[in-house]
Amino acid sequence: MNGIHDLGGMHGFGGVEHDPREPLFHADWERTVLAVQLTALGQRLYNLDELRHSIERMSPDEYLNATYYERWLAAIDRLLIEKGVIDAAELERRAAAFQDDPQAFPTPPSATPGETEFVHPALDRRRGHPFRREASAPPRFAIGDTVLTKHWQPAGHTRLARYVRGKRGRVHRHQGCFVFPDANAHGRGEEPDHVYNVRFEAEELWGESAAHRDAVYVDLWESYIEPAAAG
Amino acid sequence: MGKNHPNVEEYVVSRVRALESLLLEKGVLAPGAVDQLVSRYENDTGPMVGARAVAKAWTDPDYKRLLLDDSAAALAQFDLKYDLLVVVENTDDVHNLVVCTLCSCYPWPVLGLPPSWYKSPAYRARSVIEPRALLREFGLEIPEQREVRVWDSSAELRYMVLPQRPAGTEHLTEEALLPLITRDALVGVAPVKAPATVG
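Heads up: the protein sequence lines correspond to chains P and C, in order. The working numbering numbers the first residue of the first sequence as 1 and each following residue consecutively. The working numbering numbers the first residue of the second sequence as 1 and each following residue consecutively.
Okay, chain C solo, but in the shape it has when bound:
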């Protein structure tokens, strides 16, 4: 877009302004709707519900079973009506990685807006053909005997990884585990790390 324009950003800004003003005039877009819609994503940033579900699954075996077998029922406990999530569990034998090669499908309702790297052609192209090399660049070395499963989100189902609970966190509560769980871990490009021991 805007490839024939010297200032691409300025061109794009003008086009967006034009579109917005036309839609406001036609009553498609309500005044104030932009802030109202987007603030939901800005204020509910990060992998909120996804991380909460994982923290609960780590501390409650029944909930973990439910999250893996019936994610809709598990998410309903966090007031989220979402029945399209498939949760895949990392184990000593299996590492899971989530991608959408055809566009950038991502489980927004549980992880928020996708990061740029997830949407990049490099990630989408390479994750399915060379997941181990890709993960190595993310700092994750998968042992040869551990199977890598890549989940390509080609329909309306969405995927989230249930990462392994890090060793040394056995004493931590659900609330204390929650901040350790990153978006990257829930997509499968990072492990969850135990908090650095103090002193």
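Okay, chain P solo, but in the shape it has when bound:
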């Protein structure tokens, strides 16, 4: 979708605030959100592509006003409600109750549960590889091939950013076969496909103002690209 999340190449955000002494978490609730996120992904209440798409579905003003963990919270709430894990009205009621009284619902004591195996989606091997799949067809493109990215505007989830649509690039590397996010984010199954790392010259992406030597490398699924004549 052509959402606010697709930020590559936008102007107007000002400088990057770089604080070398930044704490790992800015508030205790951020730790809870991280743990809920890892737990929900680990228990497969939703997948990573659904999570990304849930964040993308925030309204642009909400998205930009939210911090990273606030965006996560909004996305988690939405997904758990959509999946029927929690009830929207119950969540609202409980949040209001907590606002009136922080002890409204007592938290069970911290027992000592078994060691949690799950640490990160990319390291989770309980059911085979989390993202890589066997290819059902040979790769259509070879290293060095010139390709043209599709110029399309899918309304759903995609990992083809706007700034690389309709652009000519060169295949730099074949990354293997991976779960296809455009399908997996929408409950359409995994539809695994080849992924290529494609080099785009800065001038192709941004025109004459770009430094002529520079380049951007982007990972693209096979269905995002078409063969093109070398230009």
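Hints in this document: simulated from the structure, not taken from any laboratory. Please note: incorrect hints may appear among the correct ones.
Here are the simulated lysine-lysine pairs, BS3-like style, with alpha carbons at most 30 Å apart [claimed, not checked]:
1. C:K56 - C:K26
2. P:K150 - C:K193
3. P:K167 - P:K150
4. P:K83 - C:K193
5. C:K64 - C:K193
6. C:K119 - C:K81
7. P:K83 - C:K119
8. C:K26 - C:K193
9. C:K119 - C:K193
10. C:K119 - C:K56
11. P:K167 - C:K56
12. C:K81 - C:K64
Predicted, not measured: the structure shown is a model, and the values here were computed from it.
Following the hints, complete the assembly by docking chain C onto the known chain P.
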């Protein structure tokens, strides 16, 4: 989030408490799981494995080749089973910079949790269109003849920069090099600096 609430932080805290208590009741979240899960990231802070791999690569040419060609095998030497990392090497001719323009993908298993600046709209927007101006703000001036390569992490592959070993560190061991290697250098927004000479 919470834009219609006078106290945004209080509102968010209540919402998180509500979510946590519901998930505890439903048995999704185990009591104590928050501390248990998060402590892994708190205690293993900073670019631990990434920095160790770079220090080793600087002192062992065979390992450097392995890290660049088969990162999974290279990381396995540090007991990390991670096969989605691509390591890109900085040279006199090329400077590499890592970003995720669409969300905030970051190589957690080797660098830990991402810093706020990496997740900021400004960094995500500008890195691909004006990397040189961005790097200048980080204090890094890239000479015109040096190519800048920006790696936009748009799939499940993750990128880490192999920075240049600073001049004047030829006598240093792998262990002595390790503390010089910062997270920022492994993302590509800072060089690795030789330790200040004493006296």
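key: Violations among the numbered hints   = 1, 2, 4, 8 and 11
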